[in-house]
Every structure is written in structure tokens, then in C-alpha cells.
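2 protein chains.
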Amino acid sequence: MGYELYYWPTIQGRGEFVRLALEETGESYIDVARNPNKRGGVPTMITFLDGKRVRHPPFAPPFLKSGALLIGQTANILFFLGMRHGLAPRNDAGRLWTHQLQLTIADLVVEIHDTHHPISSGLYFEDQRNEAKRRATDFLQYRAPKFLHYFEHILERSGGRYLLGRRLTYADLSLFQIVEGLRYAFPNAMARLERAIPRVIALHDSVAKRPRIAAYLTSERRIAFNEEGIFRHYQELDTQP
Amino acid sequence: MGYELYYWPTIQGRGEFVRLALEETGESYIDVARNPNKRGGVPTMITFLDGKRVRHPPFAPPFLKSGALLIGQTANILFFLGMRHGLAPRNDAGRLWTHQLQLTIADLVVEIHDTHHPISSGLYFEDQRNEAKRRATDFLQYRAPKFLHYFEHILERSGGRYLLGRRLTYADLSLFQIVEGLRYAFPNAMARLERAIPRVIALHDSVAKRPRIAAYLTSERRIAFNEEGIFRHYQELDTQP
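Chains as they are written, first to last, in our numbering: chain A, 2 to 242; chain B, 2 to 242.
Bound conformation, chain A alone (with noise of 0.2 Å):
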């Protein structure tokens, strides 16, 4: 039995983190919001969040269901797909380590997502973009360099061209993500950040080549980005840092 993904359907989200790591382990999943035939789509995605129906209510998407199981948060849902199909170490140690470094992803997207949405996620761009500019020059000065470096750093003492060294990992996946998605909300700037970060754009094009992560791609289950999702183009934010 396969695993169902419920996320949003029309982005990629933080969604986006979990379709890639199901996608680089092969096994089949239903995304079950993008295929209402099979599951009912995004109604039966809202019943879960009431919680009348499970044990277990998330908060928000994404949630994956793995059997009686029906686990929330990304970083979670990763840790679980992490352990079962060896997307992380085996030991405590190598695990909790591969967790930390999601965390500090999740930290990171909550900061890019703020960049368009500063004051409200329930108002429009155009109620907050003068606070957009102001945070998005910030995180494009300040917060993205220190993100980036860190990570940079981390990739030269791994030892291979993943963050843990020469072993793929589901953070690895996200960083992809995270370059995916600056080079689409930030061209202009992500140019000139990208020279410091020589390590985490070559990791960034290794995943892009593993075979099924390329063949994903290239399908029609991968969504573009748009203006609805986490990373969202609007020219007035990409200033140079």
C-alpha cells in the first residue's frame, strides 16, 4: 500500500520538500489533493485538518498517510521518510544531526516566505508591499548570505558532495529546493549570492541529476512556481545585496 500526500494542489509549497523525498525513494504515492478521483481532492484534504475524523489532526499541510498512520509538519513527515527508506542515518546520532540541519531549512522558509508576506499571510502582496521591500532587502543583505554561508560551511567539512558527507539525506533534497526556489523569487540577487556558495550549487546540481529526482522534473507532477506558493517572483523584491 502507498503512501497519500495531502498538500495543496495548484503549488509547490512546503509540499514541495515531501513530493521529492517520496519521489527519490520510488515508492508509489497518491498526491491526493492533484487527483480528486481517487481520494475526493482537496474536501477530503479540509476534513482531516477539522479532525473529526482521525486521531491525530495537523494543524496545516502537508500530512501524509502511511496506513493507520497520519503524521503533520514537514520536518516530520521527512524524519519518518527519512528512517524507512534510508533518506538518513541509521544511528541516533546521524539522525538527530539530519533533523537539526531540516530545521534550520524550515527556519529558512519560514524567512522567505515572510519576505512577500510580512504583516499577514491572510492579506494580499499588495497590502504589505512597501513591508515587503523592507524585509526582503534585509533577508537578501543579511539573512539568505548567513543561511547560505552556514550551509556552504557545513559542505566543506562533510567530506562529500551531500551535507553528511558522500550519503544522500532528505535535507539534501531540500537544499536542492531552497536553491530551486531563491534562483526563481530572487534572480537578480541569487547571482551574486551563488558565487560564495560554490558547494551548495554543485550539491544543488547532483541532485538535480540523480535519475529519479531528473525523470520527476521533467513530469507533470512536478508544479511550477508561481505566485501562490512559498517563492514568489515580484521584480521590486530582487534587489542586489
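Worth flagging that the hints you see were computed from the coordinates, not collected in a lab.
Check before you lean on any hint, since a few could be wrong.
Where chains are identical, the list cannot tell them apart; a pair therefore holds if satisfied intra-copy or between any two copies.
[Claimed, not checked] Pairs of lysine to aspartate or glutamate residues, derived as EDC-like cross-links and limited to a Cα-Cα distance of at most 20 Å, are as follows:
hint	residue 1	residue 2
1	Lys134	Asp51
2	Lys39	Glu112
3	Lys39	Asp206
4	Lys134	Glu228
5	Lys210	Glu127
6	Lys147	Asp51
7	Lys66	Asp93
8	Lys39	Asp239
9	Lys210	Glu28
10	Lys39	Glu157
11	Lys53	Glu153
On the provided structure of chain A, position chain B as indicated by the hints.
Same frame as chain A, now just chain B:
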């Protein structure tokens, strides 16, 4: 050999979620940055962040040293302590569920922090006061109720006074701290919000009465809330939702 906790010495901040768990375990620990004579204080903490001394440098405090292990990211540290000291179930399903709740609390913590720093954590509150007012109003009207009602709902169906039922987990200690912090930061708004979350408040009260926690809260080890931490009281942000 006891634990070494590394966190900023003058605030509760994210470190407090770890301090509460350590206190509840009854294990001995050194709060290194607050005890410069014992392990070198803040300068020692900084050298870990530089990453030359350690194999797995954390991105930011808090981090915990346990023998040769160095663990960063609040939720990750709690996962580790929960596993070792019975502050989470032993089976994978229960462990993942506890962690999922903790990660949802972590999301809430980011939103609480951003009520006073919506533009940049590198700027003073005074430099983002107008934006903070907008963000805090949105937070108190929409986001705080959404999170708090979620936890109330989880408690409704847990079958006990704690999030997982009758047994305390680290997520309960963190939810206690959320109530403490929101009461400090937004006394006016929180007085109203509390009416809809009697089970969350009862959980708070139960945690406060646990012998080790009660002793901790009246000790010198508990730093008072102040305007440098995550929960800050600014009268102008404490609007009625």
C-alpha cells in the same frame, strides 16, 4: 556527567523550552552562558557557532551538549530529551505525534516573535513599530486564536489533562510556556482569548504545580520575562482581538 545547555544568558527565549524540559527530568545541567566560571560563558558558546571546534556546528543557540553529542534546534533537542527521559512515548507513532505538536508550537513561536520584529530581527523595535502594530493586530485577531483553539481541540480529545492524555510530554511543558509568555506580552488580549481555551489553561496550571517545575519557577534559574526575548510586552501591541 550532566548536560551543558548553551543559550543567551539574559533571556528566556527559545532556550526556555529546553530549560523546562531539563528541569522536569531532574538531571543535572549547566546553563553555560550563565555560568562563565564553569565553562567559559558566552565566548565558549560563540566558538561552537564558529564551527571550528565541533563536527556539527549549530546555526544558532540553543544547543545542548551531551557527552560527544552536540544537538541544535529547540525541537530537536526536545526530541532527544524526550526519548531519553520519558518525556515522550516510546513507540514511533507517539514520538512523531509529540514532535508534530512541538513543531506546531515552534511555528507559533516564530509568529509571536515577529509581532515585534516583522521587518528585521537586526533592527530595533522602534524602527519597525508601525509594521509591528499591524502584524500584532493580525496575530491577535487570527493567528493566536487559530493556534490556541487547535491545542484546545487536541486536549478535548486526548482523554487526559495533557496533550497526549494522562502522561506529560515535553510538548506540554512548551505549551505551558506559551501561555506564560502570551500572558506577559499581551495581558489584555490574552484575558479575552483565555475564555475559549479552558483546557489549555488547565494544562498550564497542572504543569505549574509539578514539583520540579514549581521549584524551578521560583528559583533564580528562571529568568524574568523582558523586552529582549521572544515574548515582549509593548502596551501598543496589546490590542483587543
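Verification of the supplied hints:
Taking the shortest Cα distances, Lys134 and Asp51 never come within 20 Å of each other, neither inside one copy (36 Å) nor across copies (31 Å). When the C-alpha separation of Lys39 and Glu112 is checked against a cutoff of 20 Å, the pair qualifies neither within a copy, at 35 Å, nor between copies, at 36 Å. In this assembly of identical chains, the alpha carbons of Lys39 and Asp206 never lie at most 20 Å apart, being 34 Å within a copy and 46 Å across copies at closest. Proximity of Lys134 and Glu228 under a CA criterion of 20 Å is satisfied intra-copy only: 16 Å inside one chain copy versus 26 Å between copies.
Taking the shortest alpha-carbon separations for Lys210 and Glu127, neither the intra-copy value of 38 Å nor the inter-copy value of 48 Å comes in at or below 20 Å. Taking the shortest alpha-carbon separations for Lys147 and Asp51, only the inter-copy value of 12 Å comes in at or below 20 Å, while the best intra-copy value is 38 Å. When the C-alpha separation of Lys66 and Asp93 is checked against a cutoff of 20 Å, the pair qualifies only between copies, where the shortest distance is 15 Å, while the shortest distance within a copy is 24 Å. In this homomeric assembly, Lys39 and Asp239 never come within 20 Å of each other (Cα to Cα): the closest approach is 40 Å inside a single copy and 47 Å across copies.
Taking CA atoms no more than 20 Å apart as the test, Lys210 paired with Glu28 passes inside one copy only; the shortest distance there is 19 Å, against 48 Å between copies. Taking identical chains as interchangeable, the C-alpha atoms of Lys39 and Glu157 are never at most 20 Å apart, the minima being 45 Å within one chain and 32 Å between chains. For the homomeric pair Lys53 and Glu153, the shortest alpha-carbon distance between copies (14 Å) is at most 20 Å, but the shortest distance inside one copy (45 Å) is not.
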